[in-house]
Amino acid sequence: MKFSLAQIAHLVNGTVTGNPDVEVNTFAKIEEAMEGSLSFLANPKYENYIYNTQASAVLVSKEFTPKSKIKSNLIAVEDPYVAISTLMQMYQKNNSDIKSSIEDTAKIDKTAQIGKDVYIGSFSYLSEKVVVGHNTQIMPQVFIGKNAKIGHDCIIMPGVKIYSDTVIGDYCTVHSGAVIGSDGFGFAPKADGSYENIPQLGNVIIADYVNIGSNTTIDRATMGSTKIAKGVKIDNLVQVGHNVEIGENTVIAAQTGISGSTKIGKNCVVAGQVGFAGHITIADGTKIGGQSAVTKSIRNPNGSFAGRPLLPVKEYLKMLVNLKNLG
Amino acid sequence: MKFSLAQIAHLVNGTVTGNPDVEVNTFAKIEEAMEGSLSFLANPKYENYIYNTQASAVLVSKEFTPKSKIKSNLIAVEDPYVAISTLMQMYQKNNSDIKSSIEDTAKIDKTAQIGKDVYIGSFSYLSEKVVVGHNTQIMPQVFIGKNAKIGHDCIIMPGVKIYSDTVIGDYCTVHSGAVIGSDGFGFAPKADGSYENIPQLGNVIIADYVNIGSNTTIDRATMGSTKIAKGVKIDNLVQVGHNVEIGENTVIAAQTGISGSTKIGKNCVVAGQVGFAGHITIADGTKIGGQSAVTKSIRNPNGSFAGRPLLPVKEYLKMLVNLKNLG
Amino acid sequence: MKFSLAQIAHLVNGTVTGNPDVEVNTFAKIEEAMEGSLSFLANPKYENYIYNTQASAVLVSKEFTPKSKIKSNLIAVEDPYVAISTLMQMYQKNNSDIKSSIEDTAKIDKTAQIGKDVYIGSFSYLSEKVVVGHNTQIMPQVFIGKNAKIGHDCIIMPGVKIYSDTVIGDYCTVHSGAVIGSDGFGFAPKADGSYENIPQLGNVIIADYVNIGSNTTIDRATMGSTKIAKGVKIDNLVQVGHNVEIGENTVIAAQTGISGSTKIGKNCVVAGQVGFAGHITIADGTKIGGQSAVTKSIRNPNGSFAGRPLLPVKEYLKMLVNLKNLG
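Chains as they are written, first to last, in the working numbering: chain S, 7 to 333; chain E, 7 to 333; chain U, 7 to 333.
Hint data in this document are derived by calculation from the structure and do not stem from the laboratory.
Built from N, CA and C at the ideal position, the CB exists for glycine as well.
Fair warning: there could be bad hints in the mix.
Unchecked claim - DSS-like, lysine-lysine: derived pairs with alpha carbons at most 27 Å apart:
1. E:330 with U:324
2. U:135 with U:116
3. S:152 with E:122
4. S:77 with S:113
5. U:324 with E:320
6. E:293 with S:196
7. S:233 with S:51
8. U:236 with S:35
9. U:99 with E:155
10. S:105 with U:99
Said to hold, decoys possible - A partial selection of chain U residues facing chain S, derived with a Cβ cut-off under 8 Å:
11. 24
12. 131
13. 167
14. 171
15. 189
16. 307
17. 308
18. 309
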């Protein structure tokens with residue numbers, strides 16, 4: 007598919023500087039773009055690339071003033087990142103081939119309730135009383151345990167494992183290898199030094215518009231529910247312990263681990279490889295830097311912290327300088 | 007199922023304060039409990055909740071003396087945590103539906119030996135000469151490589167991958183996505199800067215009563231065996247390198263990594279996101295705090311350590327205070 | 007299979023001290039070796055074991071001079087590690103049972119192109135227009151998305167998930183549970199605090215002779231490609247973000263995470279649990295110690311760094327000493 011710059015400008019409410027009849031057929035990063043591609047400049051760090059890019063057109067901010075001559079055509083928009091993302095979504099929608107069939111090598115218990123226009127891929131296994139909402143795509147090799155409910159318009163990628171009693175809302179995406187609802191890590195020490203398994207009788211409840219990354223693990227509650235609120239985005243290889251609660255629109259980067267019964271507020275941003283101790287509460291809007299150790303509750307909202315010990319970012323940066331002086 | 011408080015008190019050798027005829031039908035955490043549920047108070051941190059809980063009954067310690075009036079009925083027991091855990095196990099046993107059939111879409115090599123009352127789910131693949139003991143549940147989509155042996159009364163959850171020659175004992179549970187017996191990470195550098203793969207000819211041996219978490223990886227030995235002793239409990243997303251040995255009843259929390267040939271003693275407790283260097287030995291009863299770096303052997307048993315550099319806990323806490331002062 | 011020491015010496019260009027007619031039939035580590043086994047001494051740390059080993063023969067360096075009497079026969083070679091590894095490879099080749107068949111419970115789209123002597127195991131799913139090169143082994147329960155290309159002589163272990171458009175070169179091994187090509191973690195914040203999914207339209211390109219460990223995740227590019235160069239070795243549970251590039255013959259140990267758009271050079275060695283920030287560039291030949299935080303670009307090649315803050319190794323070691331003094 008080809009689009010003229012005039013057409014694109016129309017879609018994103020932008021203004022063309024250059025030739026509006028030029029056509030593009032793909033997207034590219036500004037430093038890699040070739041002729042025929044549409045690129046964008048959002049992060050000022052990448053500004054130098056615009057003066058040499060081979061892109062046929064670049065989406066730029068209305069505020070952008072070139073420091074020297076640019077060969078590319080420009081399309082000025084309110085927010086270039088939002089604009090490229092909107093265009094990519096349109097492209098993706100046009101190119102996706104939503105399936106709505108049940109492949110004959112899927113195994114579906116006769117008590118399962120499957121909505122309209124659902125796709126269920128080969129070698130997927132749906133247990134007793136599973137419920138799947140309309141338009142949901144269950145890709146091949148997925149396991150769904152008994153009584154689990156998946157909402158509508160979800161995408162469950164190949165090989166996802168969903169244990170019994172899990173509840174997943176609408177418009178969720180779960181990537182391959184994620185395990186949802188496995189047993190919480192709970193063992194009662196016995197007198198002889200060995201441990202007794204504590205039954206994990208709760209479940210996992212995931213609200214709408216949640217994304218879960220590849221090979222992430224979310225444990226079921228010992229009793230009650232592990233809860234992931236609306237709009238939460240979880241990256242790959244993240245560990246979410248039993249009875250954890252994560253508030254709306256919180257974002258958690260790869261390889262972070264959250265110990266049992268910890269509650270993270272709304273609109274938080276957690277970087278990669280962070281560790282949270284158990285039984286603590288993190289206020290709304292908290293930002294945590296990569297590899298930090300969060301061992302105590304954070305009561306005041308909207309703070310930014312990093313390090314081990316965890317410090318307000320300003321103090322953390324000072325600590326780093328002082329640590330360097332110890333080297 | 008409903009039980010009266012009198013019945014419950016009988017099961018856990020407790021004493022009812024309140025109405026012994028009241029009935030409960032579920033378990034709940036004290037801060038979330040509704041009418042009809044049985045709760046417990048084990049951690050003093052949660053004591054305030056008991057004065058307002060909606061639970062129909064709460065298991066408390068015989069030593070517990072309320073500071074003010076409690077609406078709930080109480081059942082006084084020796085150890086409330088052990089009592090609730092015992093009751094939950096009884097509940098789980100009564101509610102589980104152990105299957106003992108071989109689903110027709112499982113693929114089982116004709117040389118495999120399958121014990122009595124085994125369940126093998128759809129899309130599971132059992133290779134040549136696999137042995138599975140009686141009462142073991144192999145859930146759907148499991149792979150078991152040739153010559154692997156699984157003991158009796160095990161639960162292998164959906165999608166577990168067990169490489170050839172692995173040995174798993176009795177009463178073990180392996181959660182979804184765990185990979186047992188994959189190649190150790192061994193490469194010999196060549197003169198041109200590239201690496202030659204070193205064949206990994208050993209295996210993994212797991213003893214009885216071991217639990218392995220979701221998406222945990224345990225590498226086979228280069229030669230000899232990677233060994234997980236009786237009663238070991240391993241959480242999710244843990245990496246166990248080639249030729250590692252883990253002693254009896256050691257507990258390892260999520261996202262910890264253990265490099266090749268390291269030996270961890272018995273009855274150790276390792277928190278989450280800890281890293282162990284290779285070729286070191288850790289004494290029995292050692293406790294390691296979260297995110298620590300264990301780079302040297304620990305010779306004396308029963309010590310508690312944390313941090314990077316790793317320090318005895320008392321010194322570690324002092325270091326943390328001093329680090330804060332650098333911020 | 008049994009081999010005489012004379013035969014072995016011939017295979018690895020070595021010299022026997024002792025009885026060349028003695029036969030061995032297995033490999034063993036020097037500290038565990040029993041009669042009938044061939045062992046090796048490469049790391050001087052293990053030298054004491056040679057004076058008591060039960061191995062029938064030990065591969066040693068030509069430079070090795072015993073400090074006391076050794077019961078074992080010795081085979082002196084240029085490099086004992088290379089020698090044992092060569093012998094193990096020969097052994098592995100003789101013992102492997104390469105399959106070249108397509109099991110009837112595999113699901114293969116009619117538009118897929120399958121090379122000569124390919125094995126495709128049960129419950130594997132090959133989507134539209136997948137290409138698989140000759141001699142490649144696709145083990146059971148693998149998913150390959152549409153348009154993905156796998157080269158020749160690859161081994162794709164059970165349960166690997168390869169998303170659409172992924173390209174994998176020749177002679178690659180991918181271990182169980184690895185997920186290649188899942189969506190990059192990209193979300194555009196909206197005015198109401200929620201996030202919009204940014205479509206991930208790029209792919210993953212993996213060159214020849216690459217090894218990828220169990221449960222490792224490699225995200226597709228937002229646009230363009232995430233690139234893993236020739237000879238790269240990646241351990242288990244590693245996270246590789248969208249648009250990352252990893253140079254030739256770089257080795258990355260378990261549980262390391264690399265954030266989006268970071269470029270790591272050739273011949274680097276990265277230890278376990280390291281975190282890389284996004285959008286940085288690491289020079290060729292860089293070595294990074296375990297659990298380090300790499301937050302800035304490294305411009306000069308062949309440096310060795312560790313810690314948080316990241317310091318040259320010499321300064322890092324000094325910092326560790328000073329930190330201990332704070333404890």
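The hints, checked one at a time:
1. At most 27 Å may separate the alpha-carbon atoms for a hinted pair to count; residue 330 of chain E and residue 324 of chain U meet this at roughly 19 Å.
2. Taking the CA atoms of residue 135 of chain U and residue 116 of chain U, the gap is about 8 Å. The hint holds against a cut of 27 Å.
3. Simply put, residue 152 of chain S and residue 122 of chain E have alpha-carbon atoms about 25 Å apart, close enough for the 27 Å limit, and the pair holds.
4. For the given pair, residue 77 of chain S sits about 57 Å from residue 113 of chain S by alpha-carbon distance, which is inconsistent with the 27 Å threshold.
5. For the suggested pair residue 324 of chain U and residue 320 of chain E, the alpha carbons sit about 22 Å apart, so the restraint of at most 27 Å is met.
6. Restraint check for residue 293 of chain E and residue 196 of chain S: the C-alpha separation of about 17 Å stays at or below 27 Å, so the hint holds.
7. Restraint check for residue 233 of chain S and residue 51 of chain S: the C-alpha separation of about 38 Å exceeds 27 Å, so the hint is violated.
8. Distance hint between residue 236 of chain U and residue 35 of chain S is fulfilled; the C-alpha atoms sit about 23 Å from each other, no more than 27 Å.
9. Between residue 99 of chain U and residue 155 of chain E the alpha-carbon distance is near 24 Å, which keeps this suggested pair within the 27 Å criterion.
10. Of the supplied pair hints, the one linking residue 105 of chain S and residue 99 of chain U is violated, its CA atoms being roughly 43 Å apart against a limit of 27 Å.
11. Because the closest C-beta pair between residue 24 of chain U and chain S is about 46 Å apart, greater than 8 Å, the hint is violated.
12. Annotation: residue 131 of chain U was flagged as interfacial toward chain S, and the flag holds, the nearest CB pair being 4 Å apart, inside 8 Å.
13. Given hint, residue 167 of chain U at the interface with chain S, holds; its Cβ is 4 Å from that chain's nearest Cβ, closer than 8 Å.
14. Using the Cβ-Cβ criterion of 8 Å, the hint placing residue 171 of chain U at the interface with chain S is not satisfied: the shortest such distance is roughly 11 Å.
15. Checking residue 189 of chain U against chain S by beta carbon gives a least distance of about 7 Å; that is within 8 Å, so the hint holds.
16. Hint on residue 307 of chain U is violated. Least Cβ distance to chain S is approximately 21 Å, over the 8 Å limit.
17. Hint status for residue 308 of chain U relative to chain S: violated, with the closest Cβ pair at about 20 Å, above 8 Å.
18. Here the hint on residue 309 of chain U is broken, as its CB sits about 14 Å from the closest CB of chain S, past 8 Å.
The structure does not agree with the numbered hints 4, 7, 10, 11, 14, 16, 17, 18 stated previously, though it agrees with the rest.
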